Amino acid sequence: MQGSLTVKIAALALWALLLFAPFLFQDVRQIEVAARICVFIALVASYDLLIGYTGIVSFAHTMFFGFGAYGAAIALKQMGPGWTPVLLGAVSGAVVAAVIAAFIGLLSLRVKAIFFAMITLAAASVALVLASQLSGFTGGEDGMTYRAPDLFKPATKLLTDADGKVLNVLGVRMNGKLAAYYFVFIASALLFWAMLRIVGSPLGTVLKAIRENEARAEGIGYRVVAYRTAVFVIAAVTASLAGTVYAVWLKYTGPETALSFDIMIDILLMVVIGGIGTMWGAVIGATALVLAQYYLRDLMEVAAGATANVPLVPELLSPERWLLWLGILFILLVYFFPAGIAGTLMGKREAE
Amino acid sequence: MSLLSVKGMSVDIGQYSVLHGVSFEVPEGGVFVLLGRNGAGKTTTLRAIMGLWDPTPGSVHFEGSEISGLHASEIARKGIAYVPENMGIFGGLTVAENMVLATASGKYDGKRLEWIYELFPALKTFWSKPAGALSGGQKQMLAVARAIVEPRRLILIDEPTKGLAPSIIANMAQAFREISEDTTILLVEQNFAFAKALGRDMGVIEDGRVVHTGTMTEFAADAELQNRLLSLSGAEAPA
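Sequences listed follow chains A and B, in order. The opening position of the first sequence corresponds to residue 1 in this note's numbering, with each subsequent residue numbered one higher. The opening position of the second sequence corresponds to residue 1 in this note's numbering, with each subsequent residue numbered one higher.
One chain only, chain A, in its complex shape (with noise of 0.2 Å):
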């Protein structure tokens, strides 16, 4: 029990530093790094609640997100900014996720797991490719840019002073950049807020006894396949939802940001480092990885340059190897955190 309260404390904690992150990180890097760890938070959460809740191995998640992505931003390339294509392309993004996800799984929930990955293997690069072939409705390999919402222009006074110049609190302007960062914030924590309480919900208990025994659980009368397709949909639906806010904040959506199979295999490494099954693991998992993206490169040139002297240390610590120190890292933390970094924690002193 005390392994799962740290994590659930350091899952918070990191949620009350993205809710100041605008106040503690004025940078507009650090800031496009924080809304990239809130919106993955959620995607993370709603794969895990697949993989984790219902031992259902999909390769489609970065599909339905892009699906959400693509739907806002179609509407607001065609319609102009405003909040009813946001909202147009939020619905229809979930309602063609819903759609297609329902149709994989009624077809292929029965089938082994192993063609069930395959089967959303295959559909998530027929949408990757209709994505860059469909350039007339998508744009392409370049994707498409749009204006986002008036209330998320930089030049949007959300406050103003005396004169009627943006107003600066702690140094922060309170201009449309940070409603832009709060819209994310917001929509993402009440994502993951939704996948916690599925998760504590009698539907979670009904899944946790269908990841533990299928047969056993059919044997006490549920439909095992219409709780997994049920389980399909919904992960797909956030993930869309989580697209479309994604979508709004870039401003651009392409392939590269929205369908691409390194979203999905940082999604996969996400669910892995935070720990399979214990939806706050998400949290930490997110924010571990993106931090790494972004920042081991420059942790790097940091080591390189204070082991300039030393031979063929700064070599290894070139900033252009850190791809390389992110696998050990992976490699390690895999090693010493088998069930992720809350799944060990919690499952360790639980067993204490």
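FYI, nobody ran anything at the bench for these hints, they're computed from the structure.
Here are the in silico distance ranges between beta carbons for each label pair: (1) A:A13 to B:R153: 49 to 55 Å; (2) B:R153 to A:V129: 54 to 60 Å; (3) B:G92 to A:L167: 50 to 56 Å; (4) B:T103 to A:K112: 27 to 33 Å; (5) A:I265 to B:P121: 49 to 55 Å.
The structure presented is a predicted model; accordingly, all values stated were derived computationally and were not measured. Idealized CB from N, CA, C, for every residue including glycine.
Given chain A, put chain B in place with the hints provided.
For chain B alone, coordinates are given in the frame of chain A:
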């Protein structure tokens, strides 16, 4: 009218024909015991009634309506609970979560829970502990408790005494007696002493067919019949 009526039920598992035309009637109330040697088809019969194997052909009528071909979840909703041989509890979930899973609404009736605690006091002690940490006997108690967490019409119980200590078997017998006052129990059992003490009606399955039905009193008095059908004096004599 009997509560459960099984007619000509056959089950093929892969290329093997396990049941070929099982027929018997379970009257309402009391304990109906299904006896038979290992591999005779007792467990398969229970699983087929519960909808976990598809019986082809044959019919199963429960309270007068056909239930064969329905999904296990629909059969459960009609008021039949199943306690499998391996207990079928979820070791990773708490005792409380295991109980909640067996309710239709996700809530349990407090009064009924008090009654279940009286039958199986250990469950109260371990209520919020993982079920995997329970002893074998406690797991079996949980499995039975789960079946009665809500009022049921019929409970199918598969070899509940297997591997349990005599004191726990006595506890189990007492609990079954109390449960059977308002719920019919279809019990599959190898422990003849236990079956004899509880059963009102009984049937014997042999090679996928019911070869004898009658009252337990008659069967218990007929040593020759017991010997022929269950080879009680042979090497397979149950403990």
